[in-house]
Amino acid sequence: MELVKNTKIDFMGLKKYAFSFSAVLVILGFVGTVQIYRGKANLGIDLAGGTSIQLKFQKPFSMDEIRSLLAKAGHSEATLQEVSGENILLVKLRALGKQDEKMVAEPMVNLLRQSLPGNPFVVESVSEIGPAIGHKLRKDAELAMLISALAIIVYLAWRFEFKFGVAAAIATFHDIFALVGIFWILGIEKDLLFITALLTVGGYSLTDTVVVFDRIRENIRLRKKGTFSETINLSVNEVLSRTIVTSLTVFIAVVTLLIFGGMVLRNFALALAIGIVIGTYSSIFVASPVVALWRGEKMTAVKG
Amino acid sequence: MWKSITGRITLIAVLTAVSVVVLVPSLTDSVPAGWKDRVPKINLGLDLQGGVFLRLAVEIDKAIENTSMRYADDARAVCREKALPVLAFQKVGDGGFSLRFPPGDFATRAQATLKEEFPSLDVSLGEVKPDGATVIARMKPAEIQAIRTNAVVQGVETIRNRIDQFGVREPQIIAEGEDRIVVQLPGVKDQQRAIELVGKTALLEFKLVDEGASLEEALKGNVPEDAQVLYQKSVDPQSGRATKTPILVKKRALLTGDTIKTAKVNFGNQAGGAHVSLSFDTRGAKVFDRVTAENVKRRLAIVLDDTIYSAPVIQERISGGEAQITGSFTPEEASDLAIVLRAGSLPAPVKVIQNVSIGPSLGLDSINKGVRAALIGALLVIGFMAFYYRFAGMVADFALVFNILFLLAGMAAFSATLTLPGIAGIILAIGMAVDSNVLIFERIREEIRAKKSIRAAIDAGYDKAFWTVVDSHVTTLITAVILFQFGTGPIKGFAVTLSMGVAINLFTALVCTKVVFDYLNAKKPMQALSI
Numbered sequence: 009m010e011l012v013k014n015t016k017i018d019f020m021g022l023k024k025y026a027f028s029f030s031a032v033l034v035i036l037g038f039v040g041t042v043q044i045y046r047g048k049a050n051l052g053i054d055l056a057g058g059t060s061i062q063l064k065f066q067k068p069f070s071m072d073e074i075r076s077l078l079a080k081a082g083h084s085e086a087t088l089q090e091v092s093g094e095n096i097l098l099v100k101l102r103a104l105g106k107q108d109e110k111m112v113a114e115p116m117v118n119l120l121r122q123s124l125p126g127n128p129f130v131v132e133s134v135s136e137i138g139p140a141i142g143h144k145l146r147k148d149a150e151l152a153m154l155i156s157a158l159a160i161i162v163y164l165a166w167r168f169e170f171k172f173g174v175a176a177a178i179a180t181f182h183d184i185f186a187l188v189g190i191f192w193i194l195g196i197e198k199d200l201l202f203i204t205a206l207l208t209v210g211g212y213s214l215t216d217t218v219v220v221f222d223r224i225r226e227n228i229r230l231r232k233k234g235t236f237s238e239t240i241n242l243s244v245n246e247v248l249s250r251t252i253v254t255s256l257t258v259f260i261a262v263v264t265l266l267i268f269g270g271m272v273l274r275n276f277a278l279a280l281a282i283g284i285v286i287g288t289y290s291s292i293f294v295a296s297p298v299v300a301l302w303r304g305e306k307m308t309a310v311k312g
Numbered sequence: 464m465w466k467s468i469t470g471r472i473t474l475i476a477v478l479t480a481v482s483v484v485v486l487v488p489s490l491t492d493s494v495p496a497g498w499k500d501r502v503p504k505i506n507l508g509l510d511l512q513g514g515v516f517l518r519l520a521v522e523i524d525k526a527i528e529n530t531s532m533r534y535a536d537d538a539r540a541v542c543r544e545k546a547l548p549v550l551a552f553q554k555v556g557d558g559g560f561s562l563r564f565p566p567g568d569f570a571t572r573a574q575a576t577l578k579e580e581f582p583s584l585d586v587s588l589g590e591v592k593p594d595g596a597t598v599i600a601r602m603k604p605a606e607i608q609a610i611r612t613n614a615v616v617q618g619v620e621t622i623r624n625r626i627d628q629f630g631v632r633e634p635q636i637i638a639e640g641e642d643r644i645v646v647q648l649p650g651v652k653d654q655q656r657a658i659e660l661v662g663k664t665a666l667l668e669f670k671l672v673d674e675g676a677s678l679e680e681a682l683k684g685n686v687p688e689d690a691q692v693l694y695q696k697s698v699d700p701q702s703g704r705a706t707k708t709p710i711l712v713k714k715r716a717l718l719t720g721d722t723i724k725t726a727k728v729n730f731g732n733q734a735g736g737a738h739v740s741l742s743f744d745t746r747g748a749k750v751f752d753r754v755t756a757e758n759v760k761r762r763l764a765i766v767l768d769d770t771i772y773s774a775p776v777i778q779e780r781i782s783g784g785e786a787q788i789t790g791s792f793t794p795e796e797a798s799d800l801a802i803v804l805r806a807g808s809l810p811a812p813v814k815v816i817q818n819v820s821i822g823p824s825l826g827l828d829s830i831n832k833g834v835r836a837a838l839i840g841a842l843l844v845i846g847f848m849a850f851y852y853r854f855a856g857m858v859a860d861f862a863l864v865f866n867i868l869f870l871l872a873g874m875a876a877f878s879a880t881l882t883l884p885g886i887a888g889i890i891l892a893i894g895m896a897v898d899s900n901v902l903i904f905e906r907i908r909e910e911i912r913a914k915k916s917i918r919a920a921i922d923a924g925y926d927k928a929f930w931t932v933v934d935s936h937v938t939t940l941i942t943a944v945i946l947f948q949f950g951t952g953p954i955k956g957f958a959v960t961l962s963m964g965v966a967i968n969l970f971t972a973l974v975c976t977k978v979v980f981d982y983l984n985a986k987k988p989m990q991a992l993s994i
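Here the protein sequences come in this chain order: W and Z. Residues in the first sequence are numbered consecutively from 9, following the numbering used here. Residues in the second sequence are numbered consecutively from 464, following the numbering used here.
The hints are simulated quantities; they were obtained by calculation from the structure and are not laboratory data. Nothing here was measured: the structure is a model prediction, and the numbers come from that model. Even for Gly, the Cβ is constructed at its ideal location relative to N, Cα and C. Accuracy of the hints is not assured; some may be wrong.
Pair ranges (Cβ atoms, derived) [what the hints assert, rightly or not]:
1. Z:Arg501 to W:Gly126: 51 to 61 Å
2. W:Asn95 to Z:Phe552: 36 to 46 Å
3. W:Leu301 to Z:Phe850: 51 to 61 Å
4. Z:Asp536 to W:Pro128: 43 to 53 Å
5. Z:Ile637 to W:Gly304: 54 to 64 Å
6. W:Lys16 to Z:Ala919: 23 to 33 Å
7. W:Asn95 to Z:Arg501: 38 to 48 Å
8. W:Lys232 to Z:Ala919: 33 to 43 Å
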């Protein structure tokens, strides 16, 4: 069985549209990133510091009652979330100050336990993170992203040439920005797992790009005439069926995770699913055109 | 040809056998003890079995201040003995204090005395004014450094002691950076109790109740210089209501917990309540004997971390070095108190700056969901490959099964910790694992289209795809390794499975599938390939 056969799509001819589409994505991502730094982008408590408590009640409960109980205890800024049908309550409280590392989970749980004697609950999870730790986790994650980017440029510069390495890095950052932008627009909470997803998507998108680059290099050696853009078109068409099949298998795996992985992994799986689509798109429409723009249309050989 | 094929088959067989031996004890408990004990196991992360993760900040500055205040107390006592009148006392900067003396040679004499008595202090003369002179004493830098190091090292040791006595399997207590301690207690059910046990400073002090001064005055703010107001907490066993009674006690501790030899829980005396029996070491027993002899009919407060547990009247001199702490304890509270007293106090107070507690039911729920998602994901990918590439797809599936087996065995061999994001990493690795085979199969299809013989097409497909496969794996591996290096918590678990999965995949995709095709070709050159 074959999904795509001998395609001859003029991908490079579409680059105008692709670049404008990408520009929108990247601008969105840029705005989203700025908002994250301004602390206005729904950061998870593991990045911003704060408290999150998950309670499982025996009977249905009233959100209003709990909200007013917490407000009376001085936690009016707490966000409440109900998992429908399971009597599960999620309470989230973001850290306010930078210095204050006070832990509030235990008094909060005790308060609810005493105020709601008729509806006992089990504490399913408590997570309290001081703002300093949240800050440190964020710094670590940023460092990880930067070092991965450098390491990958170095590897690709060694395997191909510098311009390919940089183009691949640009495509990767394009994907990361796009994902940040989409998550920002959707207002989904961004936590440590989201950053993990960003890096994974980066890695995946690179794999995809490398496969295309490999074929371009091979075709440059085989074809001495023609333009660079033609070679790119040929190469992308040749590996298109692989690209689609691989993306499909990874997509199947990630969607399973999205459906069956439970609440904890839902946003993570969603980020991966969106990221795979973007990563596949960018390896075709962003990485190679960037190389073409930079290298020019002359068919100079790539080393390696 | 046959030699290379049998060689590879043997290698795969050996790896499989080793993997099974390593993996089985992680999956089931019903294996012989000798096998189970000799083989490392996959650990389940806190998110999969419940438990507590704590990050503590050691308040070293407080430890330094406490030590310097102890020095100050001792210094004032020494001055009193030598008839050197201390007019005023003040804290100075980090780990220092100053004492003011009346005019005359008091200050210089005090300086000489303190220098001699406290070799670990830098004692210098402060400003001399007509109405007196001050002596400034600071802890030497080496002493401060020692407190700094000791606060974390000793803290880890003390917490480990407490946890061992509390009884947690495979706890992890490690120092992090200069002033952090990370505590992981997998499987702990009574989480709040564990957190309190870890975080308690447990500084036990015996202080005399100050009966000379008025408590009302002290509560208004007129506390005598050598006294302080502490509270006794008691819980009414019927209503469960807690009350706090203020008591005025002398600041100076007559005896501290570091002289305790043993502490154990006893039941009996008052209405069947639990109490903690202490026995002191020789030095402590001697001091206790003297203190009780000198203070018969006065009240002695037993203070733990600035909370009074009881303040009984000393009926008679107590020799023999035994004492009791009574109070309205539950048996658990009494047992925890005995544990912290036996394990000793923390050299510096700690503050919980990160607390992640996962209840056991949520852990079980997570593992069920995660394993189910992994199984479904694997089955779907396996089904897709068989459907899309027919026979060749089944060969890829066969490699995928080995991939998962080796991955889990690898995790067991390194005693890696499996977390929920780790399961996500496995699922992603499964999705990506077939990528190499897809690359190879698409190449083979191209070669077949170019009218090569089946055998030549297969060889060329593997050859040409080889570097692409390596490149794509290495880039993923780079991100995974960096994630592992810089990641914490969930990121790390994900990175472990992803990087192992990618590395193993390189082997299974290039070796396990190729050997099948080679074997079939060696028997009889293939005329057609279902791909």
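To see whether the hints hold, each was checked on the structure:
Evaluation of the 51 to 61 Å hint for Arg501 (chain Z) and Gly126 (chain W) yields a pass: the beta carbon distance comes to about 53 Å. Taking the beta carbon of each, Asn95 (chain W) and Phe552 (chain Z) are about 59 Å apart, not inside 36 to 46 Å as hinted. In this structure, Leu301 (chain W) and Phe850 (chain Z) break the distance hint of 51 to 61 Å, their C-beta atoms being roughly 40 Å apart. For the hinted restraint 43 to 53 Å between Asp536 (chain Z) and Pro128 (chain W), the CB-CB distance of approximately 49 Å keeps it satisfied.
A beta carbon spacing of about 55 Å between Ile637 (chain Z) and Gly304 (chain W) agrees with the range 54 to 64 Å that was offered as a hint. Restraint check, Lys16 (chain W) to Ala919 (chain Z): a C-beta distance of roughly 27 Å satisfies the suggested window 23 to 33 Å. The hint said 38 to 48 Å for the Cβ distance between Asn95 (chain W) and Arg501 (chain Z), and at roughly 46 Å that hint holds. Range check, Lys232 (chain W) to Ala919 (chain Z): Cβ separation about 26 Å, and the 33 to 43 Å hint is violated.
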